[in-house]
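The hints should help you fit chains P, S and W with the ligands onto chain V, whose structure is shown.
Here are the chains, one letter per residue:
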Amino acid sequence: MNAALAEARPSNSAFDVEKVRADFPILSREVHGKPLVYLDSAASAQKPRQVIEAETRVYEEEYANVHRGVHYLSQAATQKFEATRTRIASFINAPDENEVVFTRGASEAINLVAFSYAAHFLKEGDEILISELEHHSNIVPWQLAAQRNGAVIRAIPICQDGQIDMAAYADLLGPRTKMVAITAQSNALGIIPPLERMIPMAHDASAKVLVDGCQAITHRPVDVQAMGCDFFAFSGHKIYGPTGVGALWGRAELLEAMPPWQGGGEMIARVGIEKSTYKGIPHRFEAGTPAIAQVIALKDALDYVDGLGMGAIAEHEAMLLDHAVRRLEAMDGVTIIGTSPAKASIVSFLLDGIHPHDIGTIVDREGVAVRVGHHCAQPVMEYYDIAATVRASFGLYNTLAEVDALIASLEKTREIFA
Amino acid sequence: MNAALAEARPSNSAFDVEKVRADFPILSREVHGKPLVYLDSAASAQKPRQVIEAETRVYEEEYANVHRGVHYLSQAATQKFEATRTRIASFINAPDENEVVFTRGASEAINLVAFSYAAHFLKEGDEILISELEHHSNIVPWQLAAQRNGAVIRAIPICQDGQIDMAAYADLLGPRTKMVAITAQSNALGIIPPLERMIPMAHDASAKVLVDGCQAITHRPVDVQAMGCDFFAFSGHKIYGPTGVGALWGRAELLEAMPPWQGGGEMIARVGIEKSTYKGIPHRFEAGTPAIAQVIALKDALDYVDGLGMGAIAEHEAMLLDHAVRRLEAMDGVTIIGTSPAKASIVSFLLDGIHPHDIGTIVDREGVAVRVGHHCAQPVMEYYDIAATVRASFGLYNTLAEVDALIASLEKTREIFA
Amino acid sequence: MDDLRDLYQEVILDHGKNPRNFRHPEDANRHAEGDNPLCGDRLTIYLKIGHNGLVEDVAFEGRGCAISMASASMMTEIIAGKTEEAARALFHRFHDFVTGKEEIEGADDEDLEKLIVLAGVKQFPMRVKCATLAWHTMTAAMDGENVVTTE
Amino acid sequence: MDDLRDLYQEVILDHGKNPRNFRHPEDANRHAEGDNPLCGDRLTIYLKIGHNGLVEDVAFEGRGCAISMASASMMTEIIAGKTEEAARALFHRFHDFVTGKEEIEGADDEDLEKLIVLAGVKQFPMRVKCATLAWHTMTAAMDGENVVTTE
Ligand SMILES: Cc1ncc(COP(=O)(O)O)c(C=O)c1O
Ligand SMILES: Cc1ncc(COP(=O)(O)O)c(C=O)c1O
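Chains as they are written, first to last, in my numbering: chain V, 1112 to 1529; chain P, 1112 to 1529; chain S, 99 to 249; chain W, 99 to 249.
Read the hints as simulated data drawn from the structure, not as lab findings. Cβ atoms here follow ideal geometry from the backbone N, Cα and C, with glycine treated the same way. Incorrect hints may have been included.
Claimed, not checked - Here are the simulated BS3-like cross-link-like pairs (lysine-lysine), alpha carbons at most 30 Å apart as the crow flies:
1. W/LYS180 - W/LYS212
2. V/LYS1234 - V/LYS1390
3. W/LYS212 - W/LYS199
4. S/LYS146 - S/LYS115
5. P/LYS1145 - P/LYS1523
6. V/LYS1523 - W/LYS212
7. P/LYS1390 - V/LYS1234
8. S/LYS212 - V/LYS1390
9. S/LYS212 - S/LYS180
10. V/LYS1386 - V/LYS1145
11. P/LYS1234 - P/LYS1390
12. W/LYS199 - P/LYS1390
13. S/LYS199 - S/LYS212
14. S/LYS180 - S/LYS220
15. V/LYS1523 - W/LYS220
16. P/LYS1523 - S/LYS212
17. W/LYS115 - V/LYS1523
18. P/LYS1130 - P/LYS1145
19. V/LYS1390 - S/LYS220
20. S/LYS212 - S/LYS146
21. W/LYS220 - P/LYS1390
22. S/LYS220 - S/LYS115
23. P/LYS1386 - V/LYS1234
24. W/LYS220 - W/LYS115
25. V/LYS1390 - P/LYS1234
26. W/LYS180 - W/LYS220
27. W/LYS146 - W/LYS212
28. W/LYS212 - W/LYS115
29. P/LYS1386 - P/LYS1234
30. W/LYS220 - V/LYS1145
31. S/LYS146 - P/LYS1523
32. V/LYS1386 - P/LYS1234
33. W/LYS146 - W/LYS180
34. S/LYS220 - P/LYS1145
35. S/LYS115 - P/LYS1523
36. P/LYS1234 - V/LYS1234
To be verified - Here are some of the chain P residues that sit facing chain W, going by a computed Cβ distance under 7 Å:
37. VAL1181
38. GLN1186
39. ALA1380
Just chain V, same shape as in the assembly (with noise of 0.2 Å):
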């Protein structure tokens, strides 16, 4: 079937993968005397000269800090800064851009939501469904804020192809489901859960829907009004962004109803030594100084993406996942952990007798950069009785001779094993 469907696939599409190779400076460097082959963009994504100039600008340009100022600096990064929220919320197709949070990345969007909507709205006994899919930073944060007030985490299992058990989660919703946390796709295995299902169906048990967009927002177009969902979290790194910047969606009234998590400047209407007083959405949720330059540049990245449109990534990518898949499959040995067709850019694997963590050793000598373990995503591992895999993650910069370079390191690999 992937056969098939790459062959579907015209081999010139509109998507010039060499012009885009050029904006990126990093992957024209070389590791151990060998071009980069940089297979890694699940972990974090390499960033165009668009996204590294825009920071730079801002530093060099229109630099001050935002909100507090009436001088004309102070103006222009308030105004540049406001304008990547209202670029997010178009970006992910949200109602209004005050339902926006900026934060350092996913796991402090999580964190937010877990710590000022789960630990306020739920009570002891209440329970949080999560997927065994997920990645540790939409784990943890429930655990953290179920040991403040009681409530139940629950474990969404998974089958055989790594895809979410959907019998299982009908069976776990219920009364006591208040929140459902899932990610839109796994960043472990690449599998995509069927929220057009789920999350009605958590609906129905009138739970609230977390969604980890971190590696689903990198691969193909989101609109969290046509997705359902209540709470929507992604990374600005993996994105093609600067590091340290992220952003929290979430639906207005619940953000209204949801007390502040951190205090400091920014958040506060007005401040008495013993009480304050909180602004409304979003500031209320961002406390001190924020990642100014980072937000900033955030805005180019997602500008960026989708200049070449997401539409045109999701095929590249898919392209790519294809001929890895096949050339995998053609290997002896090779066991690709999470078989089900719905997938998209990652492939994780192992190779007989081979432990992943040498094989990252070793194609890393070839220029090769993979990620082995667990990913982040140990409950995945368990359900495989696996300590680690070989995780091959496809960006928009990929082509199909780097997919056949990461065969030829595996080969060497296995002579080396031989």
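Relative to chain V, chains P, S and W with the ligands alone:
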């Protein structure tokens, strides 16, 4: 006295401010057709090209996610990332680099202590002392913590000259005092509290001390061991570093006893769906992907100021402050707020009959960027029964001519309001 | 400096220094506090609304910049004797005007014409809140909300 | 590729594939689990320590990369029959050696000499933890700690 001080100082010191200015690209720009006179470094400092280029270099040459990869780029990025931790430890003379936790900034650092230390080790009726000089970021987190555990916030009052009322402080300290949160320098007035006396007094009462070092660290050498505090917080963006990064230093034995605050990748040892175990310090407190490029470039900021010498910077800024104070005092109808001589780099003042907001708007048209408002320090404003001041704050790149430009712009303001 | 002279016209400086109706009427039956957290300024607007919905008296107290004081002072002069509805409608147009949504040339409305001295604020987006604070607070008082914040 | 051939020498691949003393002795009186959170690997080391402080038996179970398995396997061969003290001292020297703190040339110590095949790890700083995990875990077991993590 100020005049005497200024005259005692050699006018052509080793500090070459024009050479320094050439390192800061933004300083050569114009605002409203006038050369930029940036007197708002206390809100956020401008960045030298060394810092800007360092961040660019990360993205262009050695970028990957940290801590989790065996591939070359990930190792290289991790090494540079951790090198900043070591650099911070040496910069503030911390005994152990593992006592340095990366945060978004000072606000997040203080929230971390308020959530993880105060919320766990303080009980109903325990007292947290904070001074009336504090920035909102050193007030609101404690209020939020106190709301959770029933602790009580008590204000250390200030005197008419803006300095801490030490007699009142001595009276407030008692067996219930568990935490003293105090700034090493007021951002609103520039006043420097006598920490060398206040910290031992707090320790005699068996209280812990958190020092908000946000302003102080940019103006003079910091030695946390000599200071004797238990926690120290600061932001990168105020010390000529990138936005989106800051740090908490805490004594190892305290940090080790503190439970994690945010959950996510990086900070765990092992994750099960229901329960997880956490890493040791500092990683336990660093959930999710950190501000990688910004952390790395923060080292260059510290190297930069260290290269000039914190002593030389302090001397240069003292000269600017003395000159500003003298010229302001020579104007009619100027009231300086905070007249204690223990003061650095910041002067806050009022002009009779003209609201600070109007002053800010008018001097901006002359290219002069000052901050007007409450400076996120409403308790100070309340003490003086004012809504706002004009604050001129000096950085290492400011000149005597810029102070004169400020004065000239204030004269213009008075003409308009004449 | 032209923008500045536009912003700080004589009329404004005069109202700023000598605000009209700067008092607390004992018989006010509505009031609201308006906060501008940016600069920490705070005004209280007092209204006496008659049975017929007429603004019989309007006054204010508080502190603020020249723009917010002048705007408040001028507002008290203009809306006294108007109906609630007319006062709200006027604010609506004034708001559109200072935020640049509507152009007002000359004399289609005598009250708006008086407010044209505040037009200079259009060149200073950060100061629009100062020019509208009193008005927001006035409508809050009419709505029975006692605190309003312009963020 | 030379660095790689140094790292993955025949002896190591052999120990990795056919680990010695890979078992759970029933009469072990000490044990500890060692975790390498980076890759999720986990080993358990079992020791039988005699009254005289002699390591009478040592074995391990678990999973890991070729380096950690080989290092564990070789360790069990080398420390059996040694005193606790000697085993700890050996780890100390081995640790200094793989972290580049000490150079070991040839035969000043027969046990260390056997471990020289692990020298290749010096060129791979990320893998030093793999080479030392079993040893850390062994000393933890001696100290009566049951879990150890190499971060
Ligand atoms: C004294 C003081 N404390 C705390 C802060 C908060 O720092 P940040 O906004 O970078 O978190 C600031 C600056 O805004 C400050 O000046
Ligand atoms: C699916 C998923 N969720 C959450 C995260 C956490 O994101 P961050 O580390 O940027 O906070 C990641 C990436 O690490 C991820 O892949």
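Taking the hints in turn, this is what the structure says about them:
{"no.": "1", "hint": "W/LYS180 - W/LYS212", "result": "holds (15 Å)"}
{"no.": "2", "hint": "V/LYS1234 - V/LYS1390", "result": "holds (26 Å)"}
{"no.": "3", "hint": "W/LYS212 - W/LYS199", "result": "holds (18 Å)"}
{"no.": "4", "hint": "S/LYS146 - S/LYS115", "result": "holds (25 Å)"}
{"no.": "5", "hint": "P/LYS1145 - P/LYS1523", "result": "holds (14 Å)"}
{"no.": "6", "hint": "V/LYS1523 - W/LYS212", "result": "holds (27 Å)"}
{"no.": "7", "hint": "P/LYS1390 - V/LYS1234", "result": "holds (28 Å)"}
{"no.": "8", "hint": "S/LYS212 - V/LYS1390", "result": "violated (33 Å)"}
{"no.": "9", "hint": "S/LYS212 - S/LYS180", "result": "holds (15 Å)"}
{"no.": "10", "hint": "V/LYS1386 - V/LYS1145", "result": "violated (60 Å)"}
{"no.": "11", "hint": "P/LYS1234 - P/LYS1390", "result": "holds (26 Å)"}
{"no.": "12", "hint": "W/LYS199 - P/LYS1390", "result": "holds (26 Å)"}
{"no.": "13", "hint": "S/LYS199 - S/LYS212", "result": "holds (18 Å)"}
{"no.": "14", "hint": "S/LYS180 - S/LYS220", "result": "holds (26 Å)"}
{"no.": "15", "hint": "V/LYS1523 - W/LYS220", "result": "holds (22 Å)"}
{"no.": "16", "hint": "P/LYS1523 - S/LYS212", "result": "holds (27 Å)"}
{"no.": "17", "hint": "W/LYS115 - V/LYS1523", "result": "holds (18 Å)"}
{"no.": "18", "hint": "P/LYS1130 - P/LYS1145", "result": "holds (21 Å)"}
{"no.": "19", "hint": "V/LYS1390 - S/LYS220", "result": "holds (25 Å)"}
{"no.": "20", "hint": "S/LYS212 - S/LYS146", "result": "holds (23 Å)"}
{"no.": "21", "hint": "W/LYS220 - P/LYS1390", "result": "holds (25 Å)"}
{"no.": "22", "hint": "S/LYS220 - S/LYS115", "result": "holds (22 Å)"}
{"no.": "23", "hint": "P/LYS1386 - V/LYS1234", "result": "holds (19 Å)"}
{"no.": "24", "hint": "W/LYS220 - W/LYS115", "result": "holds (22 Å)"}
{"no.": "25", "hint": "V/LYS1390 - P/LYS1234", "result": "holds (28 Å)"}
{"no.": "26", "hint": "W/LYS180 - W/LYS220", "result": "holds (26 Å)"}
{"no.": "27", "hint": "W/LYS146 - W/LYS212", "result": "holds (23 Å)"}
{"no.": "28", "hint": "W/LYS212 - W/LYS115", "result": "holds (18 Å)"}
{"no.": "29", "hint": "P/LYS1386 - P/LYS1234", "result": "holds (26 Å)"}
{"no.": "30", "hint": "W/LYS220 - V/LYS1145", "result": "holds (21 Å)"}
{"no.": "31", "hint": "S/LYS146 - P/LYS1523", "result": "violated (41 Å)"}
{"no.": "32", "hint": "V/LYS1386 - P/LYS1234", "result": "holds (19 Å)"}
{"no.": "33", "hint": "W/LYS146 - W/LYS180", "result": "holds (12 Å)"}
{"no.": "34", "hint": "S/LYS220 - P/LYS1145", "result": "holds (21 Å)"}
{"no.": "35", "hint": "S/LYS115 - P/LYS1523", "result": "holds (18 Å)"}
{"no.": "36", "hint": "P/LYS1234 - V/LYS1234", "result": "holds (22 Å)"}
{"no.": "37", "hint": "VAL1181", "result": "holds (5 Å)"}
{"no.": "38", "hint": "GLN1186", "result": "holds (6 Å)"}
{"no.": "39", "hint": "ALA1380", "result": "holds (5 Å)"}
Hints 8, 10 and 31 from the earlier list are contradicted by this structure; the remaining hints agree with it.
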